[in-house]
Amino acid sequence: MSGDLSLKPSYYEALKRLTIELVGVKLGADHTFLVETRLSALARKEGFEDLPQMIDELFSRGQTRLAIHVVTSLLERATRFFEDRPGYEALGDIILPDLHPLYRGGTLRIMSYGCSSGQEIYSAAILVDTLADLFPNMDIELTGVDYPSEALDRARAGRFTHFEVQRGLPIRHLIKYFDRDGEDWVVKQSLREKITFLDHNLLADIGELGTFQVVMFRGHLGQFTTPAKARILRSLGNLVSANGYLMLGSHENLDDTNFWFKAQAAAPGCYKKRTKQGLIAEPETEPETGTEIEEFPKQPFVPMEYKGSKTV
Amino acid sequence: MASSIQINANKTCLIVDDSKMIRRVASRILRELKFEPSEAGDGREAMELCKAKMPDAILLDWNMPIMDGLSFLKTLRGVEGGAKPVVLFCTAERDVIKIAEALDAGADEYIMKPFDSDILGSKLSEVGLLDQAHL
Chain A
1 MSGDLSLKPS YYEALKRLTI ELVGVKLGAD HTFLVETRLS ALARKEGFED
51 LPQMIDELFS RGQTRLAIHV VTSLLERATR FFEDRPGYEA LGDIILPDLH
101 PLYRGGTLRI MSYGCSSGQE IYSAAILVDT LADLFPNMDI ELTGVDYPSE
151 ALDRARAGRF THFEVQRGLP IRHLIKYFDR DGEDWVVKQS LREKITFLDH
201 NLLADIGELG TFQVVMFRGH LGQFTTPAKA RILRSLGNLV SANGYLMLGS
251 HENLDDTNFW FKAQAAAPGC YKKRTKQGLI AEPETEPETG TEIEEFPKQP
301 FVPMEYKGSK TV
Chain B
313 MASSIQINAN KTCLIVDDSK MIRRVASRIL RELKFEPSEA GDGREAMELC
363 KAKMPDAILL DWNMPIMDGL SFLKTLRGVE GGAKPVVLFC TAERDVIKIA
413 EALDAGADEY IMKPFDSDIL GSKLSEVGLL DQAHL
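Protein chains in written order, with the working numbering: chain A, 1 to 312; chain B, 313 to 447.
So here's chain B without its partners, still in its complex pose (with noise of 0.2 Å):
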């Protein structure tokens, strides 16, 4: 079996976010915590992404162009496997009736940009795919 050499392999996490910037931010906070971060730019993106190969998270932003976070989420759920990733909202909405949604809509977590190192590693462990001694 191909996959039995992947038995080690990191979990995947698929950044989704419209800022060239934050994607790499994350990718490398990510990275530092030995997951094997992929990226798209809007929610249309990581849909065709995430049909062609479910990641093990999703760090996913409120508001992108052509699909944003919410549709998304709401899309994902709604498919064939698309209830396995873990999804993380990442974004700078901070009203509690947004959170709120985000959570109704099938969202696991939610990080409040601006984030650091800590704060991702902290809610990656609340969703239960970070071991806390890593922090």
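Next up, chain A with everything else stripped away, as it sits in the complex (with noise of 0.2 Å):
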């Protein structure tokens, strides 16, 4: 298999470590050959001759939005419309019942933390959309925010493939929301309208984003490093408002000891936060550091033995 393998073995290592240390995720071993489809097709995109033109550059000169375009197409997932359905329908039967009273003639903000290409935000906006009657007088915002990739600028184009709309999406949705162009269809401006996307560094503190009544953190949680787990889940804390609610995939659960959220058995893997009466302790709020996207570590990813522009 390895002769079929276009870069030295010791470089995917070296982008095992790239991933941890920026991102604080665990590249499996299903990734090899990830590294060889996704980021050939990076490295074209990018203008390099080939893959280990581009890994050279990499790591010859660790330039960081390379590293984070590199990090983000690695770890890229599959997506679908309306993904782990059971989450939806908790958004629709009890988050929103529960939350339209408090924000009743304001305004309900969701987000989508880790929003990669965008799937998970639009059939929030749909979901809601299609709600809207029961739920009158509550203005809804919806935020999509991920590391800058290729995918979070898809999100933002709001196009999708053939088999993208086709999969999760209820063909009743797709003829109300999207407009065909050629083979590809892009969700009507009316929808996108509603949706902001920005570009965020996960691990870092929450920054300018203010705080919302939902976020939705689906099916990430799993691939993060124990450390990084730890950043995110104050990032969560902090991001969502009192009274709110974090919605985790609907077989993943939080440790019982966090102090930030109550599981919420009516509806798997959604946890409102706790009020502070409820905290077992203060959580500190004091962010890690002031860590923006700008300020990813520069240097430290560099392995000092990969410099040099060898190729095999």
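Just so you know, the hints here were simulated from the structure itself, not pulled from any lab data.
Beta carbons: idealized from backbone N, C-alpha and C, even for Gly.
Treat each hint with caution, since some may be false.
With the C-beta cut set under 7 Å, the calculated list includes, among others, these residues of chain B facing chain A [to be verified]:
id, residue
1, E421
2, Y422
3, S434
4, E438
Here are the simulated DSS-like pairs of lysine-lysine, each with C-alpha atoms no more than 25 Å apart in a straight line [stated by the list, open to error]:
id, chain 1, residue 1, chain 2, residue 2
5, B, K410, A, K188
6, A, K188, B, K425
7, A, K176, B, K386
8, B, K386, B, K396
9, B, K425, A, K176
10, A, K229, A, K26
Both chains come to you apart, so use the hints to assemble them.
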């Protein structure tokens, strides 16, 4: 198998380390294949001759933007519309009815944390739109954040392939909320303008994002290293407003000892922010660092031994 | 009762398409998804099969000789027991107007060709014939 690979085996180890240091995610064994397919595509798009040339550039210059693009294209998962459907049922049947009396006359904010190519937040937007009559006098703002990446660019454009729009999206939603454009389907402007997409380092403090009544962070938790998980949960603790909800995947759980959130028996994977009185201890609200996306570690991920431009 | 031995019988799905290749591919995917497929090459043949025994689901092409998919669907929905089968159009037609026309005529879901097992599984779960856990 290694005979088919264009990169030195040591580069795979270096990419693994890069991914842990930059975004706190451990690459699995199956990523060797992704390195070849996805990164070759990225190398072409970034104007390199081939994959080894891009990786050489990455590890010799340690350019942050390139590093983030490499890592995000390695980590991008195939997401589908209305994936893990029980979560959307919980949003419509439990969470929104619970929050509506509190936010009637105001604005409810929903966030997809780690929104990738946008299927999750667009699905939430569609759900909210179809249920609008049940929750009158309440504006809903939707936001998707992720590392700057090709996936996030696609989310912003709201453009999906023939195959993507047929996975999880009911046909009636397709013809109501999308316009056909050649082979692709593009989310209608009226839906797209309800959603804001922002670049954000998921491990950083919430910075200017503000607080949200619903934060969707579904299907991500398992991939993070323990320290990264702790940082993310702290960010999520700050991101979810009082009375707000954190939505994990319907099969995911938080450790019972977490300070911030209380499990909701009726909605698997959904957690409600604890009120102050309910807290076991006052959580630390002080940000660890003022990390912004521009302030990714600039050098530490460059493994010294890979400097130079030799290729196999 | 003879039917009592069939309590756990697989759901039936009639594939209506004039392309033998498409019928073969769809049959294979449906079998993998634990459906029991049957095939018809045009709307009239499909109608005869339905009158003999209504399937649980119908995968329906649009453009076919003798009787096309839309005419078949309109006829089906008018006959006794014809409201029962879940109908998924499965066609190369991607025009929104055409899709809306199919839905108005009583289609439950709509698959645009080309499709794969993931799409077919996703659409079958959409209409409640397949547990999401299959995906």
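Verification of the hints:
{"no.": "1", "hint": "E421", "verdict": "5 Å, holds"}
{"no.": "2", "hint": "Y422", "verdict": "4 Å, holds"}
{"no.": "3", "hint": "S434", "verdict": "5 Å, holds"}
{"no.": "4", "hint": "E438", "verdict": "6 Å, holds"}
{"no.": "5", "hint": "B/K410 <-> A/K188", "verdict": "19 Å, holds"}
{"no.": "6", "hint": "A/K188 <-> B/K425", "verdict": "22 Å, holds"}
{"no.": "7", "hint": "A/K176 <-> B/K386", "verdict": "23 Å, holds"}
{"no.": "8", "hint": "B/K386 <-> B/K396", "verdict": "13 Å, holds"}
{"no.": "9", "hint": "B/K425 <-> A/K176", "verdict": "20 Å, holds"}
{"no.": "10", "hint": "A/K229 <-> A/K26", "verdict": "12 Å, holds"}
Every hint from the earlier list agrees with this structure, and none is contradicted.
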